[in-house]
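J.: Each chain, letter by letter, is given below.
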Amino acid sequence: MNPVLDEIVVAALVLAAIAYFLIPAWLGKTKGCGCGCQCPAKKPLGKAR
Amino acid sequence: MIEAKVVESERHVAIAGNPNCGKSTIFNALTGLRQKVGNYPGVTVERKLGRFFGSHGQPMTLLDLPGSYSLQVRSPDEAVSRDVLLGRRADTDRPDVIIAVVDASNLERNLYLVSQLLDLQLPTILALNMVDVAEQNGIVLDLNALEEELGVQVIPMVASKGVGLVELKQAISRPTFAKAVKRPPVPEAIENEARIIAAQLSLAPEVALAEALLLLTLHDQALADLAEHQGAVVEATLAAQARLREAGVEPLSALVEARYDWIHQVCERAAHKPGDGSSADSGLTISDRLDMILTHRLWGWVAFMAALGLMFFCIFTVAQAPMDWISAGADWLGRFVAAHLPESNLRSLIVDGVIPGVGGVVIFLPQILILFFFLGLLEDSGYMARAAFMMDRVMSSVGLHGKSFIPLLSSFACAIPGIMATRTVENRKDRLVTILVAPLMSCSARLPVYGLMIAVLIPAAPALTKAGIMLSMYLIGIVAAFAMAFVFKKTLLKSETPMLLLELPPYRRPLLRSIAVRMVERSGIFLRRAGTVILALSILLWALATFPKPTSPDATKAEAISQSFAGRMGHVIEPAIRPLGYDWKIGIGLIGSFAAREVFVGTMGIVYNIEGDVKENTSSLSKTMREERRPDGAPVFTPLVCLSLMVFYVLAMQCISTVAIVRRETNSWSWPLFQIGYMTVLAWVGAFAVFHVGHLLGFQ
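Chains as they are written, first to last, in numbering that gives the first Met the number 0: chain A, 0 to 48; chain B, 0 to 699.
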């Protein structure tokens with residue numbers, strides 16, 4: 000395998016993995032907890048109580 | 000009966016009833032997907048609002064009220080139901096019609112709320128649900144008698160099968176309604192006092208009387224806390240209570256007794272058990288007989304431990320074959336890629352990073368499926384409520400409410416739904432304590448870590464021994480959760496423990512189809528997670544464990560990983576973990592799994608695949624780890640190190656999703672940060688104690 004191509008492909012994959020975590024945080028979105036709950040728009044245990 | 004025309008505009012219908020009587024089933028059947036789920040402003044109580052069309056196409060809104068046993072409220076959920084029904088909430092219209100859902104197999108208890116709903120004098124339809132279960136229990140229902148006694152239309156239903164839905168829809172769609180005019184009798188002295196208070200309330204007369212009756216049952220502090228009424232109303236209520244007590248009438252108990260007398264009278268006429276001539280609620284059902292054993296002080300615990308023991312035994316025996324297949328598949332894939340890709344970074348990324356990282360986690364899918372199969376079985380059969388009842392004795396000894404056990408039980412699957420389930424805990428401090436200790440219960444993400452460490456510790460031991468070790472890890476989690484709850488309740492979050500009110504639903508034969516659906520759902524979530532979060536983490540960990548590459552081309556693999564970013568991080572934390580018996584490579588695993596516990600397994604796979612010679616085709620990860628030696632030739636993974644690592648993972652937070660959910664639920668960063676802090680300290684101390692006490696006792 001061409002060493003330059005190899006480095007480019009691996010660097011792209013590593014950057015994609017970093018982006019996977021960083022871009023949603025940067026856009027202010029959450030990934031969801033992954034537990035399968037529906038997570039409806041519920042209010043937290045806040046001062047209103 | 001008085002015929003009342005209900006407002007011509009869109010009709011507001013509310014569904015009220017006890018928890019678990021089928022309200023939501025009826026709500027879903029009527030509204031389908033036209034639902035909006037949100038929150039009542041200011042409280043963490045779910046608001047389910049839907050739209051549907053009546054028999055003649057007239058649009059209606061349907062509100063599924065939170066389940067309540069009574070309008071004398073005990074929780075925020077019940078307070079919302081009461082406030083909506085009394086028209087106290089500015090954000091929700093007072094209903095035009097109430098569908099009172101009643102569990103026909105448990106008529107006596109369900110009628111208590113109905114007796115209070117009738118006080119409201121609103122058009123009411125009684126949805127007599129689960130008549131099939133009542134029939135199975137040998138209860139003969141006399142619907143005409145019930146209609147006569149209650150003064151409202153009664154519709155027999157089996158909501159889960161859609162029986163009675165058309166009739167219910169027709170009943171709601173009627174242009175006119177019989178207003179509920181029959182009120183359950185109230186002692187005369189109380190009725191007179193209630194009328195005096197009602198006169199001072201600026202509400203419609205019928206609501207005012209219902210409100211006044213509720214006010215009379217409140218104690219001094221609850222009255223003082225009332226925001227809805229002016230001081231004059233509170234003073235009038237206190238004066239009325241004083242007059243009643245002088246006359247020897249305790250308002251709350253007298254009202255409750257009067258309602259139950261009325262309920263007995265209704266049940267005598269409307270629900271019979273043939274043969275014994277008694278009303279429906281006497282005599283022992285099969286559920287009662289089972290409960291005599293399963294909630295027994297001794298046998299209940301034996302059954303509880305046997306159920307958990309069987310679950311873990313099956314996790315090891317039944318799951319073994321499919322786990323071997325997945326392992327063989329991953330090995331084959333690694334060999335295949337290694338044979339077909341030339342030596343390159345990309346090949347190393349796939350063979351040393353992605354396949355061991357993702358494969359190492361996916362291999363535990365069969366065990367997780369079995370865990371969810373058993374959890375589904377226990378939940379659907381009705382046993383979970385008994386487990387909560389059994390645990391309440393223990394819970395109350397540490398100052399926690401029995402309701403806190405349900406979130407803790409859910410945390411066996413995942414701490415996130417567990418923490419969300421704490422919304423049912425009414426006391427704010429109790430809820431915080433439950434949130435703080437919930438991640439100590441062993442979730443399914445810990446299963447891969449336990450599985451790997453047990454395989455390293457005792458590879459050839461019988462399944463029963465392995466199950467015993469795993470069960471003890473779960474027990475350590477439970478004991479730690481209770482101990483910490485006790486500490487928090489005595490220090491940071493002091494409060495009184497309210498009494499437990501828990502419904503024990505009748506035992507039901509679990510529907511395998513519904514359990515299978517949940518298992519498929521869970522495996523989908525698990526695999527999605529393996530294909531996204533864990534794949535991304537595996538790539539990052541591989542990069543951290545591979546770069547920077549050693550400058551000398553003669554460097555061994557051990558030297559290469561030691562010089563990598565991951566190796567350096569492992570070396571940095573080594574002084575902190577050396578007292579636990581861990582080396583810097585285990586340190587890489589601990590750092591790598593900070594975001595998600597199960598990544599520990601993948602990280603170990605990456606570390607040892609990169610670090611070891613090319614042996615992907617000869618040994619499994621656990622074998623490699625067993626053979627791992629320190630510079631002095633001593634094994635790294637001694638039995639005490641394995642146990643200490645397992646205890647560390649029982650007690651450590653190591654889950655970024657849980658941190659995020661605690662942040663959201665507590666609306667503050669201080670609680671999740673405190674939680675990470677205390678759990679990490681606890682994990683370190685626990686692991687330290689296992690390692691050193693074990694040494695002192697002569698173990699290796």
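Where hints are given, some of them may not hold.
Claimed, not checked - Label pairs and their in silico Cβ distance ranges: (1) B/Gly632 to A/Ile22: 25 to 33 Å; (2) B/Ser551 to A/Leu21: 49 to 57 Å; (3) A/Leu21 to B/Val680: 23 to 31 Å; (4) B/Phe52 to A/Ile7: 27 to 35 Å; (5) A/Ile17 to B/Val519: 45 to 53 Å; (6) A/Ile22 to B/Ala462: 27 to 35 Å.
Stated by the list, open to error - Taking beta-carbon pairs under 7 Å as the criterion, some of the chain B residues facing chain A (in silico): (7) Ser343; (8) Asn344; (9) Leu345; (10) Leu348; (11) Ala575.
Keep in mind the hints are simulated off the structure, nothing from the lab. Here the structure is a predicted model, which is why all the values come from computation and not from measurement. Cβ atoms here follow ideal geometry from the backbone N, Cα and C, with glycine treated the same way.
J.: Now, for every hint given, state plainly whether the structure supports it.
T.: Tested hints:
no., hint, in the structure
1, B/Gly632 to A/Ile22: 25 to 33 Å, "violated (47 Å)"
2, B/Ser551 to A/Leu21: 49 to 57 Å, "violated (34 Å)"
3, A/Leu21 to B/Val680: 23 to 31 Å, "holds (30 Å)"
4, B/Phe52 to A/Ile7: 27 to 35 Å, "violated (59 Å)"
5, A/Ile17 to B/Val519: 45 to 53 Å, "violated (32 Å)"
6, A/Ile22 to B/Ala462: 27 to 35 Å, "violated (45 Å)"
7, Ser343, "holds (4 Å)"
8, Asn344, "holds (4 Å)"
9, Leu345, "holds (5 Å)"
10, Leu348, "holds (6 Å)"
11, Ala575, "violated (25 Å)"
When held up to the earlier numbered hints, the structure conflicts with 1, 2, 4, 5, 6, 11 and fits the remainder.
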